[in-house]
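*Asks:* Sequences are here, hints too, so could you generate the full structure?
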Amino acid sequence: MGLGNDRFKASYPVRIAKHLDTTLTSLARPGCCNFSISLMIQWMANNVTNDTFYIISTTNEDRLHWLRPGIVYNNKHKVSIEELNYEDYDQFLLTKLPFAPNNTIQSETCSNLLLHAKGELGRSLSLDREPKSRIQAIDNYIKFIHDSKIKRHIDVSLLATQLHRLKEKTDNWILLTDWNELEEMFIDNSIQARFGILSNDYPDDRGSGHFNTTG
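The opening residue of the sequence shown carries number 0 in numbering that gives the first Met the number 0; numbering runs sequentially from there.
Be careful, since some hints might not be right.
Result set (DSSO-like, lysine-lysine): computed pairs, CA atoms no more than 27 Å apart in a straight line [as the list claims (entries may be wrong)]:
1) 17 with 166
2) 8 with 95
3) 75 with 168
4) 75 with 8
5) 142 with 117
6) 148 with 117
7) 150 with 77
8) 168 with 77
9) 166 with 150
Label-pair restraints from in silico Cβ distances [as the list claims (entries may be wrong)]:
10) 23 with 190: 11 to 21 Å
11) 128 with 182: 29 to 39 Å
12) 186 with 151: 16 to 26 Å
13) 121 with 76: 30 to 40 Å
14) 133 with 167: 35 to 45 Å
15) 167 with 23: 18 to 28 Å
16) 91 with 140: 22 to 32 Å
17) 76 with 124: 20 to 30 Å
18) 139 with 72: 14 to 24 Å
19) 186 with 156: 11 to 21 Å
20) 152 with 120: 23 to 33 Å
21) 50 with 146: 37 to 47 Å
If you're looking for bench data, these hints aren't it; they were derived computationally from the structure.
Just so you know, even glycine gets a beta-carbon here, dropped at the ideal spot from N, CA and C.
*Replies:* Next up, the structure:
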């Protein structure tokens with residue numbers, strides 16, 4: 000996943016695939032929370048093939064997920080990656096998706112949500128679809144209720160569950176993370192990736208908080 004016109008050549012998934020002379024299939028999209036990433040790993044575990052190598056990375060940014068207006072799940076519903084909103088990020092996808100999304104689950108960073116609530120984010124297709132009352136409710140939730148430490152504990156549990164499922168089926172995967180909890184659980188499949196340091200030492204030219212090609 001990447002931003003800008005050079006994303007198809009500069010992003011690390013594309014560069015790795017080119018170096019290995021292989022085909023890339025990407026499930027990533029901007030604004031993904033670790034809950035979304037856990038759904039991606041769930042999809043990988045459900046669709047394992049012997050000739051596929053899976054590259055997974057976590058996110059440090061505090062993010063939330065919620066259902067689009069009018070969507071209600073019953074108690075028997077099984078959430079899947081097909082429900083994540085890819086529609087509003089189509090121009091940023093690295094490859095064609097191997098499934099058809101129905102775009103019912105929203106996912107965005109807390110920082111972007113707060114900026115959007117203040118009218119300082121600029122155009123956002125996904126957030127512009129949300130009624131102002133819902134944006135205000137999310138804004139209040141972030142300011143007065145949301146706790147980053149609790150969210151991290153939940154994220155680790157979600158990711159670990161799906162990573163264990165994947166490991167039961169294949170060892171052909173690597174996890175890029177700087178979360179020590181996950182590194183300790185999957186020491187043979189983890190690479191310590193200090194994304195924050197890379198972003199600080201090699202910032203991109205868009206001020207997005209991500210690292211550049213060198214990083």
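*Asks:* If a hint holds in the structure, say so; if it doesn't, say that too.
*Replies:* Quick rundown of the hints versus the structure:
1. 17 with 166: Cα-Cα ~25 Å, so holds.
2. 8 with 95: 16 Å, holds
3. 75 with 168: Holds. Residue 75 to residue 168 sits at ~26 Å (cutoff 27 Å).
4. 75 with 8: 42 Å, violated
5. 142 with 117: This hinted pair holds, its Cα atoms lying about 13 Å apart.
6. 148 with 117: 25 Å, holds
7. 150 with 77: Distance ~21 Å between residue 150 and residue 77 Cα, so the pair holds.
8. 168 with 77: With a Cα-Cα distance of about 21 Å, the restraint between residue 168 and residue 77 holds, given a limit of 27 Å.
9. 166 with 150: Holds. Residue 166 to residue 150 sits at ~24 Å (cutoff 27 Å).
10. 23 with 190: 11 to 21 Å: 18 Å, holds
11. 128 with 182: 29 to 39 Å: Because 37 Å falls inside the window, the suggested range holds.
12. 186 with 151: 16 to 26 Å: 20 Å, holds
13. 121 with 76: 30 to 40 Å: Because 34 Å falls inside the window, the suggested range holds.
14. 133 with 167: 35 to 45 Å: For residue 133 and residue 167 the Cβ distance comes to about 39 Å; the hint holds.
15. 167 with 23: 18 to 28 Å: 25 Å, holds
16. 91 with 140: 22 to 32 Å: 26 Å, holds
17. 76 with 124: 20 to 30 Å: 25 Å, holds
18. 139 with 72: 14 to 24 Å: 23 Å, holds
19. 186 with 156: 11 to 21 Å: About 18 Å separates the Cβ atoms of residue 186 and residue 156, which means 11 to 21 Å holds.
20. 152 with 120: 23 to 33 Å: This hint holds: roughly 28 Å between Cβ atoms.
21. 50 with 146: 37 to 47 Å: Given range 37 to 47 Å: holds, Cβ gap about 42 Å.
Violated hint for the displayed structure: number 4, the only one.
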